[in-house]
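Trainee: Place chain B on chain A using the hints.
Read top to bottom, the protein sequences are chains A and B.
For the first sequence, the numbering used here begins at 1 and goes up steadily by one.
For the second sequence, the numbering used here begins at 1 and goes up steadily by one.
Hints were generated in silico from the structure; no laboratory data involved.
Since the model is a prediction, treat every value here as computed from it, not as a measurement.
The C-beta atom is built at its ideal place from N, Cα and C for all residues, glycine as well.
Possibly wrong hints are sitting among the right ones.
[Claimed, not checked] Beta-carbon label-pair distances, calculated as ranges: (1) 143/B - 95/A: 35 to 41 Å; (2) 72/B - 29/A: 45 to 51 Å; (3) 213/B - 155/A: 54 to 60 Å; (4) 65/A - 65/B: 55 to 61 Å; (5) 142/B - 276/A: 29 to 35 Å; (6) 85/B - 69/A: 40 to 46 Å; (7) 196/B - 46/A: 33 to 39 Å; (8) 206/B - 194/A: 51 to 57 Å; (9) 122/A - 213/B: 43 to 49 Å; (10) 194/A - 225/B: 37 to 43 Å.
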Amino acid sequence: MTATLAKPPVDVPAEPEQPRRKLNVSAVLNWVATHAIGLALGLMFATPVVFVFLTAVMSDNQAFTSDLWPREWHWENFVEVFDKAPLFQYLVNSLTYSLLATLGMLISSIPAAYALAKLQWRGRNVAFILVIGAMMLPPQVVAVPLYDTWSGLGLTGTLVPLIAPYFLFDAFSIFLLRQFMLTIPQSYVDAARVDGCSEFQALVRIIVPMAKPGIAATALFCFLFTWNDYFGPLLYTGEVKDQWTLSLALATFKGMHIVQWNSSMAVTFLTMIPAVVLFVFAQKSFVKGITFTGVKG
Amino acid sequence: MTATLGAKPAPGRGRARSRHRLAVLGFMAPAIIGFVLFFGYPLVTTIVLSFTKYDLINPPEFNGLDNYAFMFKDPLLGKAIANTLWFVVVLTIARTVFALGVASVIARLKSGVGLIRTLCYLPSLAPPVAATLVFFMVMRPNGGPLDTVLGWFGVDSPLFFSDPAWAKTGITAIMLWISGDLMIIILAAILDVPQEQYEAAELDGAGPIRRWWHVTLPTISPVLLFGIVNSVILALQLFTQAVVAGSAGSGAADATGSTKYLGFPDNSTLTFPVYLYTQGFRYFDMGYAAAMATVLFIISFALTIVLVQRMRKNSTAEEGGPGA
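Only chain A is shown next, with the shape it has when bound in the complex (with noise of 0.2 Å):
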């Protein structure tokens, strides 16, 4: 599937019985047509962080200017804003965060998604619905009693409540690993069993190194998804600041430096940078990913 995607499609080819000037002219037209909407587009993606970037280095006067342009290009606006808050250790939440989520997502979700997908026992079936519905369930609907253990066990205030989970469940990767999982043929699990290998060997030696684009892809979704993550840590961190990550920062960094367009930017901008080294990187596994939670039921 992501073979197709990578390749344009293939348009019908022309009818050798039609007039070929006419066909050949209203081709062109079409093809000039299409090519200028697809750009308009890229562009009207692309333009606000345009318009962010240049912000960003702008003068503290002018960026509060109507001007697109910056007058002078002020580079260090990138590396003020570090004095002007705790950006390093919000960095370290972040990366804190993120990580140790994404580890204890992979050694407990690998595991039971090789159980829903490729084992059969009674009540798998249910399983994996109950799978779909936990990922499908807001998170405000159990943050009450969740947020009362948490604050109960004093560990309020602190990164564990958002890591801790991902340890044991977490619905989206168990999800995304199934259907991953599901496209090797079982009969690579079998013979596996043939030679005598446990279920466990199974798991470690046929099924992790065969599906290693997938787990690829779920650690990356892990890792972008706790980065972004507002709500979890406005719920637990929000009163103690110096267990802030980078996305609840840059909330309060707004209102802090109402006036000062090109900190708050140049902060915004920071913050979207590595969303788009891990997809440089890793466009396919991206791709990939992104299609498996639509397309395949």
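Mentor: Coordinates of chain B only, in the frame set by chain A:
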């Protein structure tokens, strides 16, 4: 034949069977514990708490249906429900149509596909807080880039995030900018439409538009249904964009301690989840928040059933062989 070896252990192979059971249990154990701890237990507790008065400090006090009865008298809840319904209708239609339109254009491109697809998809990876601030800056009145560009054509820019009539439109614009994931899903479905179907339609004399309407649309309709359900869930859960747009619009200095910015301007961005959060974690009326959470649970439960049934239909249709 070998499949039966592992899949269904023959009777009499008791040891293999119990080993198989042990493996399933071992693999599923963390997930089962996690599901009970983070979904099962809090879900039941939420429903129980919804019949109580609870402020997190004093023990919950049973008050029957008071919380539910209060819902009918709470004008702010009415406002929150109206706002969320607005998003369910407008955002769902706008997001599905927009993603379908962009995917249809990209599917027809013959060169530059990779670049344009990347440009359309990348914003969906941005942190929602950042995406909201991007649009807040671009759409700001009095000298914002959009205001300036519209000024060249003699058009006055709406106030967007400072105007109750426009704030939800502003948030919808953000959501369309970050709808690249749905575009990619629809694009993949369009590219999967068998080429012969187009050829057959063209032999019947169908032009590109009729081919799109009669061949592309019906073939990808299961994916469009997924897009609609997915957008409804997104609209029901709308929280981050609403909170950040409200706090940035009101100029609140502190995004966590105060409540005055929630729903700014004039409660026009007060969505159901935002109001639930406000009642539970700002006013510590946990019982009322739990009642709202129960309502939200019932709605998302109904949506889950729709999605599961679609997936069932899909998987029986695809039973032949999972490709890709």
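Trainee: State for each hint whether it applies.
Mentor: Here is what the structure says about each hint:
no.: 1; hint: 143/B - 95/A: 35 to 41 Å; verdict: holds (36 Å)
no.: 2; hint: 72/B - 29/A: 45 to 51 Å; verdict: violated (60 Å)
no.: 3; hint: 213/B - 155/A: 54 to 60 Å; verdict: holds (56 Å)
no.: 4; hint: 65/A - 65/B: 55 to 61 Å; verdict: holds (57 Å)
no.: 5; hint: 142/B - 276/A: 29 to 35 Å; verdict: holds (30 Å)
no.: 6; hint: 85/B - 69/A: 40 to 46 Å; verdict: holds (42 Å)
no.: 7; hint: 196/B - 46/A: 33 to 39 Å; verdict: holds (37 Å)
no.: 8; hint: 206/B - 194/A: 51 to 57 Å; verdict: holds (53 Å)
no.: 9; hint: 122/A - 213/B: 43 to 49 Å; verdict: holds (46 Å)
no.: 10; hint: 194/A - 225/B: 37 to 43 Å; verdict: holds (41 Å)
Violated hints amount to a single one, hint 2; each of the other numbered hints is respected by the structure.
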